[in-house]
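Undergrad: Sequence:
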Amino acid sequence: MRYRALIVAFLALCLGILTACSEGPATAADREQLTYDEILGTGLANKCPQISEFTRGTIPIEPNKSYRVSDLCLEPQEYFVKEEPKTKRQEAEFIPGKLLTRATTTLEQITGTITVDENGVLTLKEEDGIDFQPITVQVPGGEQFPFFFTIKSLEGRTEPGFTSINSSVDFEGQFKVPSYRGAGFLDPKGRGVYTGYDTAVALPASGDEAEYSRANVKETTAGVGKISLQVTKVDGETGEIAGVFESVQPSDTDLGARDAVDVKVRGIFYARVTPEA
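Quick note on numbering: the sequence shown equals residues 0 to 276 in numbering that gives the first Met the number 0.
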């Protein structure tokens, strides 16, 4: 009887291990078949779709024609903040940052176009979609850097000579980075761009002095970022492309109260490409 109980316990353990191994985590590729309750709390809503690792097809393109880009999705995976050198002999370098924002960092449902000129240069232009996310990262030492992750008005180009979209395509270009805060935002001392107090120092007469004016005079200044989208996988039958990206953009300036620092973001992307009618 004792051996029988041990055998039953051993079989139950084996069955549990096999069940756990067979139930792999759901991926973004099959989330369209899931309900809201099945996705809630799993993090799938923050992941881009994926295509097979072994896909190495091509999408033929023709000169002087335009192609529609849909479902463009960028999923950040690594964050770096540019640290100024502590001595003159050192050079500024990017140090890894820890993500503090919850699972709302992915850009998705972005649309745009790809045009081809007579020299085989592909131009990707972003038009619309969920193309921004406020994110905060923390570097070793505890300092936090909020920034506006975006690819608004992206215009990226490739080298000449392409007759198809393949795994050698690399879009490089610039995009606009709006102010992290809007003009109606009030800081903890009640100062804003078009509303709030003019100054928040103890002596109002000193509010215009250079020491305080930068924090008192708010401004929503837009910045410029740059990005590289490297295509690594192409499915010619479905028109799907996927790859990796790296972008560098300025951080928040607290409405002009402090200097921006460069933030580097690395991750993966996905999109669909179809000929325009």
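Honestly, the hints are just simulated from the structure, not real lab data.
Even glycine gets a Cβ: it sits at the ideal position worked out from N, Cα and C.
Take these hints with a grain of salt, some might be off.
[To be verified] Here are the computed distance ranges between Cβ atoms for each label pair: (1) Glu208 x Glu126: 43 to 49 Å; (2) Glu126 x Asn45: 21 to 27 Å; (3) Thr34 x Glu171: 18 to 24 Å; (4) Gly40 x Arg156: 19 to 25 Å; (5) Ser227 x Arg88: 26 to 32 Å; (6) Glu126 x Glu61: 44 to 50 Å; (7) Ala199 x Pro62: 56 to 62 Å; (8) Arg257 x Gly160: 29 to 35 Å.
Undergrad: Evaluate each hint against the coordinates.
TA: For each hint, the structure was consulted:
{"no.": "1", "hint": "Glu208 x Glu126: 43 to 49 Å", "verdict": "holds, 45 Å"}
{"no.": "2", "hint": "Glu126 x Asn45: 21 to 27 Å", "verdict": "holds, 23 Å"}
{"no.": "3", "hint": "Thr34 x Glu171: 18 to 24 Å", "verdict": "violated, 40 Å"}
{"no.": "4", "hint": "Gly40 x Arg156: 19 to 25 Å", "verdict": "violated, 40 Å"}
{"no.": "5", "hint": "Ser227 x Arg88: 26 to 32 Å", "verdict": "holds, 30 Å"}
{"no.": "6", "hint": "Glu126 x Glu61: 44 to 50 Å", "verdict": "violated, 21 Å"}
{"no.": "7", "hint": "Ala199 x Pro62: 56 to 62 Å", "verdict": "holds, 59 Å"}
{"no.": "8", "hint": "Arg257 x Gly160: 29 to 35 Å", "verdict": "violated, 44 Å"}
Comparing the model with each earlier hint shows violations of hints 3, 4, 6 and 8; every other hint is respected.
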